[in-house]
Amino acid sequence: MNLPVIFKFVIDLLAVLLLALGIKGLSKVKSARDANRLAALAMLLSVIGLLSYYLGTSGIAIQSWIWIIIGSIIGSLFGAILAKKVPMTSMPETVALFNGCGGMSSLLVALGVAIFPISGGQENFDFFKSLINEVSISVSIFVGAITFTGSIVAMAKLQGWLSTPGWTQSKVRHFVNIVFAVASLIAFFDLINGNTSSIWLLVIISSLLGIGVTLPIGGADMPVVISLLNSYSGIAAAAAGFVVDSQLLIVAGAMVGAAGLILTQVMCKGMNRSLVSVLFGGSLSAQSTASSGSGEYTNITSCSVEECALTLEAANKVIIVPGYGLAVAQAQHTLREVTKKLEQNGIEVVYAIHPVAGRMPGHMNVLLAEADVPYEQLKEMDVVNPDFPATDVVLVLGANDVVNPQAKNDSSSPLYGMPVLDVQEARTVFVIKRGMSAGYSGIKNDLFDLPNTSMVFGDAKKVLNDLIGELKDLGVGEK
Amino acid sequence: MSFISLLWVLLLGSLLGLELIGKVPPTLHTPLMSGANAISGITMLAALTLIVKAEGNMPLLIIGSVSLGFALFNVVGGFFVTDRMLAMFSRKPSNKK
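Those protein sequence lines, which keep their order, are chains A and B.
Heads up, the first sequence is in this note's numbering, so the first residue is 1 and it goes up one at a time.
Heads up, the second sequence is in this note's numbering, so the first residue is 1 and it goes up one at a time.
No lab work stands behind these hints, which were simulated from the structure alone.
Hints are supplied without guarantee of correctness; some may be wrong.
As the list claims (entries may be wrong) - Calculated lysine-lysine pairs in the DSSO-like style (CA-CA distance at most 27 Å, straight line): (1) A:K269 / B:K23; (2) B:K23 / A:K340; (3) A:K379 / B:K23; (4) B:K23 / A:K24; (5) A:K30 / B:K23.
For reference, chain B alone in the conformation it holds in the complex (with noise of 0.2 Å):
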């Protein structure tokens, strides 16, 4: 991948997440910054190719398996959480009487 094109897709990705989000009601700001939150741990597949990538380097795998342990626990508690909080706002009989 040439660096100019990889600008490109830094140019776009920026667009289209300024266009995503227009007007939110308050009621949202905290589930959609979580969940945002949750998304922004996509660095875990930096993480993977670092452990990939390592060739039995034993310090890089170990640096690796930190930081992907450290996206995960973003990645997975970030939607768990922001589920929590949006299941409040459905109001299915389900949900309790």
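So that you can see chain A by itself, here it is in the shape it has in the complex (with noise of 0.2 Å):
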């Protein structure tokens, strides 16, 4: 062993263990953030490791030079701008669309490969080590292809860009989705039988998969989506690894892989979802259409500004529940606000945070850590359920289905089962809505008829801002 590939040896092996802590102290509170720049730093180790290696061996031409420069200052610099400028209420979206991107660079460079093989690689051909070669170079485009156009779908869904076409909501779509499966198998093995032209048949049906499985997906299933996505690049990459022979490559795409496919597992369990039902099992909206809970309001109330002013004003302790109605209003800050009105006159406030309030786990966190909401008023579901009862007000900011009370009462509904809170065991329950719409699940609410709520119709934005007012002609918070 000669100085170059030792020195790459022990920086991989540095990179490979910081990774691996990056990941795991991304998933404590305390060490996050650290964790993070942790792994970021990694990654450029893992950089320098690979440069210094060929210029300690083979050498790199200028020319490489040119391309590597222009490859890496445009890609950095599009992903720092769209990293700083895009706003908090379209995360999910923007990690999707990174996600995708992430795919198509392990699908691109499969392509390279395939069309233009390396030199230096094939000179004593070996029949298993090409075969090796055409595997990997297939799994790594058929990952890659899904990835990419899966990932572009669901941003394209969360932006609202496309919707949920109703053919896909029948069982026509399983079918779809099949024939493209087998197609793309068949294209696969033709693949690695050496028939290269089948290449691109590949690439397209791949493609055509990824849109198919995930069209049909939506609503509260989304964030799951991504995250298996997200696993997915992981795998693309660790296949790119046997591409090029990379060890470091194969750990850390193993490592995302892994690591996506359990935080897939977690999140489902926050929704009271199997992986199965989501991937297959059609997006809540649709299936809701058919279903018999479906039915007219009977027994709305609506409510003024001040008469909510007044009931806060007099209550000890409120519970507020943020939903994306609050991400979209963008309201976050004029709810600190009120919150902190209240807390002046002495009144206990507290945030009831839904696993899937938002269009994302830990969204409405982010959101309200944002408005510089104290993290310990934050309570998830399961601590904050038995505190309904011996509370005065709930506020119900833009959330709907997560506080449909249907979802433990009637069966019939395609929300029963999942978790919710339990916002009519309080005394007092205002809903800030823009309307009498339906829910991302497009279900009706129950929650709404009930006699102890009210709802106070607005943008969440202007409802708030009305609220202060009325608090300050009341005094509150005035001191």
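Once you've looked at the hints, go ahead and assemble the two chains, each given alone in its own frame, into the complex.
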């Protein structure tokens, strides 16, 4: 072993260690930020290790340097700009977009190697070795393409650019996807058999499969899909590692792939859904149209902001239930002002966070943290649920399905079995909502019909602003 | 590197990944996903290898460069976005009063 080889070996080992510590640290609140930086450092190290290895052995041509610099600058620049500019509300789709590009990268590497075999590897032709090479190229293309198109579809759906087409909710989609899957398998084996022209077939069909699998999924299941696709991009990276013979790539890819799978599982558990029903069950919204649970509201009470303020003033304990509507209205800062006033008046304020509130687990935590809400005031569902009977006022802000009592009471409801917040146990519930439209699942919310529920119609931010005014008039929070 | 030892690497890496995440608080689901996602951009090493070994083959250089761009978009964007999310959890007094 000469010096460059040893140097690269040490660096790679160090990078793997740091990456593992990074993933580990990211699962604890205290260490998460440092862990993220550690992982970033590990990535930088791995690049330095690889480049110095080539500098010390074969050397790197000027031409290669130019293309390395062009690719690096453009990719990093766009990545950094997007990461800085994107609003916190669109985090899920941003992660999906990044993820898709990772898949695209693995796909391109495999394509490049397949079309223009790298010199140096093919001299002493070894059947076994070339077979492995072809298999890893095919896997890399297959998984990479699914990751790319799947992520892009997920992003487009979250952005609202794509809706869920009707046919995808019928049996047709299983048929279509099975056809795609079989066709891609055929292309896969054809490619391994040495028929290089089928590579394009594989690219196209895998891409279609990625679209076909992701398109029918919607609603609260979206984060699970993104997490799963994230796991795929790890697998694609590991496959690319086989293509270019890099242990580091294989280890890191396998780690992300496995960790992503576990995270997907954890998310499914939080929503009381199985991975199978997420992938093949169809989205909640479509099932609900056929459900018997839908119907007209019979007993809606609406009330003014003033009444709401009066009730709040008289309360001892208030629980806030934030949802996607709050994120859309960008009302987290206004909400914080309202709760500050209440706290100054000696009213206990707690935020109840449902595991899938918003469009992604942790979405609400991030949003409220941005508005400087103390971390201790955010309570998870299991912790806060026993508190509702002793609560005077619950403010539901842009949340809907996560407070639907149907999930507990009505076994015919598509929501049945999903854990929900028991807000109806509180003395008074105010639901701040733009109109009577259904939630993301498209299901009627029985909560709105209950006698202790009052609706305050309006945009969350506007209502909260009015509420601040009313509270001011009542002299709340002015000492 | 023989194929068998690469398979060992794959196996051990997967086991490591399975063990690393035990109990994650829901708060961290999004940042963890985003951080892991940034790491999956490690495929940039494959893109780099491709460019270095291209030996003046122009189409290969371009494919490698585009691939490197995609990967770095994933890596740089991913880490920045994760950091932005996590920065909000840290309650340091320096953060604005």
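Outcome of the hint check:
| no. | hint | in the structure |
| --- | --- | --- |
| 1 | A:K269 / B:K23 | holds, 12 Å |
| 2 | B:K23 / A:K340 | violated, 33 Å |
| 3 | A:K379 / B:K23 | holds, 17 Å |
| 4 | B:K23 / A:K24 | holds, 10 Å |
| 5 | A:K30 / B:K23 | holds, 14 Å |
Taken one by one, the earlier hints fail for this structure only at number 2.
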